[in-house]
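K.L.:
Residue strings, one per chain:
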Amino acid sequence: AQKITQTQPGMFVQEKEAVTLDCTYDTSDPSYGLFWYKQPSSGEMIFLIYQGSYDQQNATEGRYSLNFQKARKSANLVISASQLGDSAMYFCAMREGEGSGGSNYKLTFGKGTLLTVNP
Amino acid sequence: ETGVTQTPRHLVMGMTNKKSLKCEQHLGHNAMYWYKQSAKKPLELMFVYNFKEQTENNSVPSRFSPECPNSSHLFLHLHTLQPEDSALYLCASSPKLVYEQFFGPGTRLTVL
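Taken in order, these protein sequences are the chains called A and B. So the first sequence is residues 92 to 210, counted in my numbering. So the second sequence is residues 12 to 123, counted in my numbering.
Next comes chain B alone, as it looks inside the complex (with noise of 0.2 Å):
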């Protein structure tokens, strides 16, 4: 397999609930990245990491948690979230953190 993938696509989650976003790249690459993406507003930054360590936490809620056992995974854990955190979460690589990064297809999240 080649590229950004995703698991799951789709997720459907209560409020009460706790579940993870998977990311993993084969791409070799050594910064990863989670973005959400809302309806009608732009692409936004969510948490950056550079060889495992994290980098950017772009003043994220604590109930967003990200984890990055390694260059080639990246996890997001959420906790508690609220029905407004119904998004699509993309992941995203890139060789270095100035290089061109690449997508994943996404997580479409809904929370009841």
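Pulled out of the complex, with its shape left as it was, chain A reads as follows (with noise of 0.2 Å):
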């Protein structure tokens, strides 16, 4: 079974419009962390935003926010008023064992979704 499933292949939005991208997980592990990751045509894999599975509070970086919903293992990220330079692959992943005390430290991604930012 995928631990991280992203059911958007392909995603457009028009510039300055926010857009969220879905990502759920399956993990039975209390303890966890998730990832997003940008990764434009150029290959480099850009860290984005983080969320632990037990902070309270969404985490938020700039225009980028994470709607975190843990009873439905949704780790969606939201982007606030999308520029063209948004348009990019986007990966959602998760590393299990977060307190336990560092002895899991993989990353599992899903299969990523593609961002178009229309002009």
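Don't read these hints as lab results, they were simulated from the structure. A portion of the hints provided could be inaccurate.
Lysine-lysine pairs mimicking DSS-like chemistry, simulated, CA-CA at most 25 Å apart [what the hints assert, rightly or not]:
#1 A/LYS202 - B/LYS52
#2 A/LYS164 - B/LYS51
#3 B/LYS107 - A/LYS94
#4 B/LYS52 - B/LYS63
#5 A/LYS202 - B/LYS30
#6 B/LYS47 - A/LYS197
#7 B/LYS51 - A/LYS202
#8 A/LYS94 - B/LYS33
#9 B/LYS47 - A/LYS94
#10 B/LYS63 - B/LYS29
#11 B/LYS107 - A/LYS197
#12 A/LYS197 - B/LYS29
None of the values given here were measured: they were computed from a predicted structure.
Two chains, two frames, some hints: make the complex.
P.N.:
Here's what the structure looks like:
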């Protein structure tokens, strides 16, 4: 079974509008971390935002926010005021065992969503 | 130069060739990683090194041979590859194993 599911292979958004990229995850570990990365056509994976499973508030970083719904096991990325430079692949990833004293460092990635921002 | 760099950025090789991919990080990190990104598949972790010691080999075929001479450099030696090995190979580093990983731009490998 997939641990990270991104159901949207591609998304389109108009410049300056907000867009939500979906991510659901599957884990039985009570302690985990969720990440979003951006991959432009140049190839580099750029870290955007992190949410810990015990964090009380949703993470925010500038125009990026993470809509964390623990009971539904979803961690959607919201990009506000989209810019042309936001066009890229976006990957959701999970790391389990966050509170286990550092025994698990593996990131499990989803298949990604290709976001295209139209002018 | 800063961050994580990878060379070459593009590589085309035949199945009988031997080549090496290089990764260098200028961040003072102690952990380094190799990932494989194939089309329409999730990123796959291949190898992990922590303080120059290999801590993970994710069932990678022996035609891929990693080398980590020091905490700043990581190599992936390639020999007798198959066409299905064509992919983007990404290197990453982190201060310690459980910290956030920083990625390089990748090497686009094509095996003919």
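K.L.:
Now, for every hint given, state plainly whether the structure supports it.
P.N.:
These are the hints, each one checked on the structure:
{"no.": "1", "hint": "A/LYS202 - B/LYS52", "result": "6 Å, holds"}
{"no.": "2", "hint": "A/LYS164 - B/LYS51", "result": "23 Å, holds"}
{"no.": "3", "hint": "B/LYS107 - A/LYS94", "result": "24 Å, holds"}
{"no.": "4", "hint": "B/LYS52 - B/LYS63", "result": "29 Å, violated"}
{"no.": "5", "hint": "A/LYS202 - B/LYS30", "result": "28 Å, violated"}
{"no.": "6", "hint": "B/LYS47 - A/LYS197", "result": "14 Å, holds"}
{"no.": "7", "hint": "B/LYS51 - A/LYS202", "result": "7 Å, holds"}
{"no.": "8", "hint": "A/LYS94 - B/LYS33", "result": "30 Å, violated"}
{"no.": "9", "hint": "B/LYS47 - A/LYS94", "result": "18 Å, holds"}
{"no.": "10", "hint": "B/LYS63 - B/LYS29", "result": "23 Å, holds"}
{"no.": "11", "hint": "B/LYS107 - A/LYS197", "result": "12 Å, holds"}
{"no.": "12", "hint": "A/LYS197 - B/LYS29", "result": "29 Å, violated"}
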